[in-house]
Amino acid sequence: MRKRLPILLIIIFLVAGLLPPSAPVIAQTTPPTSTYPTTEPGVLLVGYREGATPRLMDLPSQAGMAAQGQELQALTALNVIKIRVPAGMEEQVRQELLQDPDVRFVEPDYLVEAQLIPNDPRWEEQYGQRGVNAPDAWDITTGSSSITLAVVDSGIDSRHPEFSGRLVQGYDFVDEDRTPQDDCGHGTHVAGIAAATGNNRAGVAGMDWHAKVMPIRVISDTGGRCSGPTSGLASGILYAVTHGAKIINLSVGLGPGQFSQVLEDAVRYAYQQGVAVFAAAGNNGGTSLLHPASSPYVMAVGATNTVLTDKASFSNSTSQDNQRMIVAPGMSILSTTPLGYFLYEDFGVERRYGLMSGTSMATPFASGAAALMASLPEFNTPEKIYQAMTATARDIGPTAGWDRRTGYGLLQVDLAMGFEDFTPPSTPAAALEYDWVSSPDCPQVEYLWDDASDGNVVPLADQDARVVVQLNAPLAFAGQTFASVVISANGYVAFDPGAPAYGDTTNYPLPWPAPPNLLVSPLWADLTQSVGGQVYFKDTSDRFIVQWDQVSYRGMYPGDSQLTFQVIFYRSSGHIMFQYHTLKGPGSDGSRGTVGIETGPDTGTQYAYNQSGKLKPGLAILFVPAEPGSTRNVLDCLFVTREELTGCQQLPPFGADLARETRDLPDDVQLSIRLLRVVPRNWPESFLSLEHFAEITAEPGVSFARVCYAYTMTDVLRAGGRPQNLFLAVSQPRAKTWQPLSTQADTAGTQLIATLDHLSVFGVFATRPMQLPETGAALAQQRPPVAGLAVLGLLLGCLVWHWKKR
Amino acid sequence: MRVLCWLCLVAFALTSCAPEPVSSRPAPASTLPAPLLHRSVHTLTPVATITAAPTQTPLPDSIEEMARSVYGERLVQQIQVPAIGVRAPVRPVGWEVQSASDLPEWDNPEAEVGWVVSSALPGDNGAIILYGHNNIHSSIFKRLADLKTGDTIDLQTGMETWQYRVQSVEIVAVTGPDEDLAAYRRVFEPQTQASLVLLSCWPPDNNTHRVIITAVPDFAPVNPL
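If you read the protein sequences in the order shown, they are chains B and L.
Sequential numbering of the first sequence, starting at 55, is according to this note's numbering.
Sequential numbering of the second sequence, starting at 1370, is according to this note's numbering.
All clues stand as given, with none of them false.
Computed far set for chain B versus chain L, every beta-carbon distance over 12 Å:
id, residue
1, 395
2, 515
3, 518
4, 526
5, 627
6, 814
Covered stretches of chain L, going by a simulated chain B footprint (3 or more residues, C-beta under 8 Å):
id, segment
7, 1432–1439
8, 1457–1470
9, 1493–1503
10, 1549–1555
11, 1573–1583
Worth flagging that the hints you see were computed from the coordinates, not collected in a lab.
A quick note: this is a predicted structure, and the numbers were derived from the prediction, not measured.
From the three backbone atoms N, C-alpha and C, an ideal C-beta is built for every residue, glycine too.
Turn these sequences into a full structure, and let the hints steer you where they fit.
Pasting the structure below:
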């Protein structure tokens, strides 16, 4: 038996090398795009803000005459819809949709893939279950049928005797039916590791022998590989949550470097609903986890080698310090396979019971263990299950304690079940939050470049480095005081002492739960100083400046872009200013980078996240600190309140009335009114703009609001002298126009009032005459005198002749 | 000869009874509405659902009062165009939306000259726009098209007199919606240079065209205070 190990390894590498479809290992050497698409062409997922109603009737005009929306029932909890657009126009439509303030994100439908390496069968029996001490755990419990474990994967072969009496109704998001039959062999194998019935005189024993298994099919045989779209995966997760699953196994992942907001929202939703999620670390041997394993809401599971001393070569490491990650056996795992033909049979996996390798196989050891734990009353939240697993894992890998290769170490389910020293999650509430106002819209914010290139060079060792800089005097941020800051080559400053040194090459939306959580990011992106760039800081008595000078986006041709920008911390006021001096090259208009401030794992203020048109040279963005929940007027440009709203006089001249006393509205609605100067100027010609604009938003969203505008005599004169000529209109970014609102001119209160069902960007307009005044009329035409006189003359002649004749 | 005479009679009858030439523009006899009564009845009933707007005081009702309140002595009070013998008071005018389906109606300046309240005033960058009648209500601007380049126009505000010199005299046809819109754009496109525009209908006995006089400021105010 031992002798076969080298042969097995050779086969693994052969399989890995020859069969890219099933083995993302290949992605290490060739870009994944060269073989298969990594997204569904012509499909976009659109996420709307909480409370906003997805509106499909005015989808992008220019790009999307053919764009069609489809509400995914399974994703309604996330307020996400899927739209079809002409292939090739995805990015254009995405950018158009992002103009809508109700849209949180628009992303492609990424393809997720099974994370396994199929290999030669018949090698060892079930060393994995022994390696995680399952037999000792079974002395305590072998599981409970009151716990449901959802395997969101390629489905299951429901005829397999190991699952007899164990299945509950799942769903097939590939075929949109209720029979999630496995055609890959992947889901059946994964389910068997977690939950094959034990002690039944047949085959193998899974980790949990009694839990109900909910098979949900989201990936399938797509021509030589087992994959499916993110929309299906997210739908599957939500289905599991809403149908009673307590544990979800995700032995799938996106491509390296990809991140899906829909997926992130789905796993966060699961976590918040008390469902523990386990996700495969990834099989490309990379230095960062694939998504969703990289999410802070899941437990990432890597694979060990067969002797359980280190990670398997293919298993991805993490790039985030203290990532919630453990490892479990993942090489040559024996488990259940379908009884009839399945995709992985082509790669040598036997029917009924077969061997497979991958982080896909490691993950169900942990999810199955979690199902066992969840049958005990003390493990009633995902956080407790995660904590018990990480605290009791056996430390393996090159360094003592947590390390990037194996996280907290090898799962020890028996110890985890005995763990009771829980610590409450520590998320310190931010003492201050930040509001932003920017130079084009707010006259009080002026771009004044404060050059720091005569300051100190930040000694960054390489293009992903961070350096801790000791400050001359303490700096206040988010209500705390700091003696040092971390400056990253990738366009941000962090205040967390434990900010990780690597892994910031992918920028995320803010707030983002993973550290660093005290983050000031004028342009967080994968940047490089390799083309003559430099990062400077300047520490004076009244301000601290960090300047990224002539840096570039990292990529094939860094010389294509040049970026010079700075962040200024004003010591006395606590204000923070971002200024952009040079933005050249693709993506530099904001479509590559995160701009904002984070004050905690779930608090922060984002100005832009990968959104084009948000940055331009000469832009200044000022962040002003405020007490959370307070009512404030920021430089007469932004008004924020959570107070009871009576009347319409919040930020003159604009106001909003959410009619809280009569409507069923949550107590903590935050209303924001932001005066604007820069808006899409695409209103009809018959609208005369009075150049008064405001973006009015409520968080969470509302379905009823009254928008008010206090008009002046100057407004009335500019509108032709009548208040009744004035009206309010709402910007319709997707239809590329402005919609006039039925407006009431309250002449006693000198207000314009419009009632509508959602908040957006509003403007004040007047109806224009569209023709010049008519100052005359068509008078009765005088007869041509010559003809008239001639006739008269003839007549007179006749008369004279007549009389003469008499 | 008798026959000839009867023919003459018939011919006379025909010419006198012949329908008037049909204007290509189905204009009503009078295109301006009845003069507006600016002291319109003001309803003081507040909007019931709005609970607080206590700091606001109602605005003046009439366009003249509002303009006087906002611009005071800067308002143009009188226009003098010596070349065509015009010397007339100037009053603020605007337009009124009658219904959602119709275009707004311009105010009637009657026997005076109207200053468009959304346009500039002397000293502003932008076009000062004035219009007056050519045949109905008054014929104050009947001879506007007789102006020549270089003729002077004086605008007297409450403070000073501003002199302008005619730069161009244009007559544009407005016999359909497209031409109407083009003429409107021509005059009401936002300007950054100080200028003066006088408008009326043309010819003197019809409204098929518009005469557009463009003048530019002649030096500084003639008699600075």
